[in-house]
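There are 2 protein chains.
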Amino acid sequence: MEQRIDRIKKQLHSQSYKLTPQREATVRVLLEHEDDHLSAEDVYMLVKEKYPEIGLATVYRTLELLTELKVVDKINFGDGVSRYDLRQEGAAHFHHHLVCLECGSVDEIQEDLLDDVEKEVETRWNFEIKDHRLTFHGICHRCK
Amino acid sequence: MEQRIDRIKKQLHSQSYKLTPQREATVRVLLEHEDDHLSAEDVYMLVKEKYPEIGLATVYRTLELLTELKVVDKINFGDGVSRYDLRQEGAAHFHHHLVCLECGSVDEIQEDLLDDVEKEVETRWNFEIKDHRLTFHGICHRCK
DNA sequence: CTGTCAAATGATAATGATTATCATGATAAT
DNA sequence: ATTATCATGATAATCATTATCATTTGACAG
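Chains A and B, in that order, are what the protein sequence lines are. The first sequence begins at 1 in our numbering and counts up by one. The second sequence begins at 1 in our numbering and counts up by one.
Hints in this document: simulated from the structure, not taken from any laboratory. Ideal placement from N, C-alpha and C gives every residue a C-beta, glycine not left out. Certain hints may be false.
As the list claims (entries may be wrong) - A few chain B residues that face chain A, going by a derived Cβ cut-off under 10 Å, partial list only:
id, residue
1, Cys100
2, Trp125
3, His132
4, His141
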């Protein structure tokens, strides 16, 4: 935990941003909920527990900043809300998601799976892939 | 064109919806811009050219209805706007997208590509896949 | 035909998420 | 200490989407 925060701090500094108390509190919430897919409002409410003076705008700004730095990824599952998902440290690509149509749960797939597909797309469509988003919609193992 | 409208008409009737003039005008716009990825506002402005009395709410309602019937798919590329994309007739699954980070263009991949990946997900994660969304972000062949 | 009823429409208000603004507060360098 | 810069919090503004509601339309019964 502390080491990860430290690395994020360094990453911020390398672009001359600071790790303010508000930003640190926000990052801690994200680390503590690594498996969830929190909306900005979710993050706001969780951060407020530890840091009640924080404003919603600051949370939005911090999440935007972390997205720029590729510490988090901003995703959208089709409800009108953006969600923020920590990247695995050192992961080349963004992980995939399984969205259950029954219970609404969102599970993650950390494996790459797309290596072959990406090679094919790069050559056949002459497209240089920088990132991807892959989401499956269906029935999760719990609901079956 | 006329045949496709006719089939959509039948599809509506089968669920006891009608193909009103407003709905037909909207469908025509979608058919005429099959390769684009129009937002509701885009569709609205295009439909207005032929049917100026139409209201924005009707366009939203029609797009929602067509989404339900799986005539179109609602997609979201991360700007705050939903886009509506005609499904290929008879396509089992939704097609994929190539979003260019340089010029913002969106190209389509009609091939399935995910067969193997889906088999793996179904067995390893015990997840029954109903649909998917796959988008690649990168540099398109024109910008390279 | 003509009246009736449910569905569809258009105008517009309401909502909800996100972004912009701006005065204030903290921080670091001179 | 002083200034300049960045960050923050409160709140207003914006933008896409949804809800409301009075009116219109079209199918159908009599």
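Among all the numbered hints in the text so far, which are the ones the structure does not match?
Going through the list in order, the structure violates no hint and respects every one.
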